[in-house]
Amino acid sequence: FFTNLGLSPGQNMGAVNPLALLRPFCLYVRSTFFVCDSLQLDILMYYDLGLPYRDQTDDQVTIDSAIATQKYHVAVKCATITPDEQRVEEFKLKKMWKSPNGTIRNILGGTVFREPIICKNIPRLVPGWTQPITIGRHAFGDQYRATDFVISQPGTFKMVFSPTDGSKGQEWEVYKFPGGGCGMGMYNTDESISGFAHSCFQYAIGKKWPLYLSTKNTILKAYDGRFKDIFEEIYQANYKPEFDKLKIWYEHRLIDDMVAQVLKSDGAFVWACKNYDGDVQSDILAQGFGSLGLMTSVLVCPDGKTIEAEAAHGTVTRHYREHQKGNPTSTNPIASIFAWTRGLEHRGKLDGNPDLIKFALTLERVCVETVESGVMTKDLAGCIHGLSKCKLNEHYVNTEDFLDAIKNNLDRALGK
Numbered sequence: 571f572f573t574n575l576g577l578s579p580g581q582n583m584g585a586v587n588p589l590a591l592l593r594p595f596c597l598y599v600r601s602t603f604f605v606c607d608s609l610q611l612d613i614l615m616y617y618d619l620g621l622p623y624r625d626q627t628d629d630q631v632t633i634d635s636a637i638a639t640q641k642y643h644v645a646v647k648c649a650t651i652t653p654d655e656q657r658v659e660e661f662k663l664k665k666m667w668k669s670p671n672g673t674i675r676n677i678l679g680g681t682v683f684r685e686p687i688i689c690k691n692i693p694r695l696v697p698g699w700t701q702p703i704t705i706g707r708h709a710f711g712d713q714y715r716a717t718d719f720v721i722s723q724p725g726t727f728k729m730v731f732s733p734t735d736g737s738k739g740q741e742w743e744v745y746k747f748p749g750g751g752c753g754m755g756m757y758n759t760d761e762s763i764s765g766f767a768h769s770c771f772q773y774a775i776g777k778k779w780p781l782y783l784s785t786k787n788t789i790l791k792a793y794d795g796r797f798k799d800i801f802e803e804i805y806q807a808n809y810k811p812e813f814d815k816l817k818i819w820y821e822h823r824l825i826d827d828m829v830a831q832v833l834k835s836d837g838a839f840v841w842a843c844k845n846y847d848g849d850v851q852s853d854i855l856a857q858g859f860g861s862l863g864l865m866t867s868v869l870v871c872p873d874g875k876t877i878e879a880e881a882a883h884g885t886v887t888r889h890y891r892e893h894q895k896g897n898p899t900s901t902n903p904i905a906s907i908f909a910w911t912r913g914l915e916h917r918g919k920l921d922g923n924p925d926l927i928k929f930a931l932t933l934e935r936v937c938v939e940t941v942e943s944g945v946m947t948k949d950l951a952g953c954i955h956g957l958s959k960c961k962l963n964e965h966y967v968n969t970e971d972f973l974d975a976i977k978n979n980l981d982r983a984l985g986k
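Start counting the sequence shown at 571; every next residue gets the next number (my numbering).
Source of the hints: derived by calculation from the structure; they are not laboratory data.
When the alpha-carbon atoms are kept at most 16 Å apart in a straight line, the in silico EDC-like pairs for lysine to aspartate or glutamate are as follows:
id, residue 1, residue 2
1, Lys-668, Glu-655
2, Lys-810, Glu-821
3, Lys-728, Asp-718
4, Lys-664, Asp-654
5, Lys-919, Asp-873
6, Lys-798, Asp-760
7, Lys-665, Asp-629
8, Lys-665, Glu-655
9, Lys-728, Glu-741
10, Lys-786, Asp-712
Quick list of simulated restraints, FRET-style, between CB atoms:
id, residue 1, residue 2, range
11, Glu-743, Leu-663, 33 to 43 Å
12, Cys-752, Arg-891, 25 to 35 Å
13, Ile-789, Leu-833, 20 to 30 Å
14, Leu-833, Asp-925, 37 to 47 Å
15, Leu-833, Tyr-745, 32 to 42 Å
16, Asp-925, Tyr-616, 23 to 33 Å
17, Asp-925, Asp-628, 34 to 44 Å
18, Glu-660, Asn-963, 33 to 43 Å
19, Leu-663, Leu-695, 36 to 46 Å
20, Glu-743, Lys-815, 43 to 53 Å
21, Lys-928, Val-720, 48 to 58 Å
22, Val-720, Tyr-616, 35 to 45 Å
23, Leu-663, Arg-891, 13 to 23 Å
Where a beta carbon is used, it is the ideal one built from N, C-alpha and C, also for glycine.
Assemble the whole structure, with the sequences as input and the hints as a guide.
Structure, rendered in structure tokens:
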């Protein structure tokens, strides 16, 4: 893709240090292939997160990719598949492997920050959102590291905690099953919650926006209450003076109250969500601002130095199936491009490479300006005209033509 945009390997970028590329084997749009196939190989540590290779390595490649991210501090990840029963059968998998995102995030820790890419001509489903909203999703534990199971007979479900020092343990009776059912045990740690809190407070200070944490501590008094207590302690001990200086604030709200407040707001705040809440609400946020194809997603690790950038949307399988048949598609590559620009921008910051930073920011600006000029893919045209009324080459263009338009606009922006 960068060759398609006129960036020769290393051209005017100075020395570029390595970054990890986490790419599935096949199920992704062609814009990502352009990126992967035209960047210098010596700056890419490549990890194949496609289902066949994850199955072949017993998912060790996913773990290796996370370790490489810790080493190089920057990763660009393409969308991956979390297999269900149908995928297990389709790919003849050894087992139903867990979410690669969950595996990577549980190794790296940190917070996934998602923010909309705003184009002036793309209407919003929530018209009152005149400014961006950033969701900070806790990227560790909860449902994504849970142990769940199905019960086929009557019995008692208990939870047991056994201290490593050999002291007396604790036992809780969860439920007496009169028949079949299902159960789950999940967890989180003070260390991870603290890292989540620090990331969110620092991000809010950087944005100069207020920060809200949402939980359901009225129901999960101990579990969600722990999030609430740790955030408040860290805020009072570390960040309140800076927040006061910037005239911004931190506040905890119940998740149901927060959802209502978000819809009534005009934006310009950071919303800290637990893992599952952030998964759901970030998609609502993206659609409310116009499209899932216009959403950035960056995992910021607790060290403040390591990031993993990716598109917020999934593998767009339907588009890929059409591509396999030889049919043209109009697939929106913007979120994938922004995954690369956010990764390259961070690489530039770590390395003190202003040319790389400038290139990344210029490419982002050009993407937005291209859409605002009226050249866009079908999903965005559908936001304006309605999908049933959209016509090729009148309201939207196919993927290759859209990429060509970005290339031409980037050439002009770079003075070529």
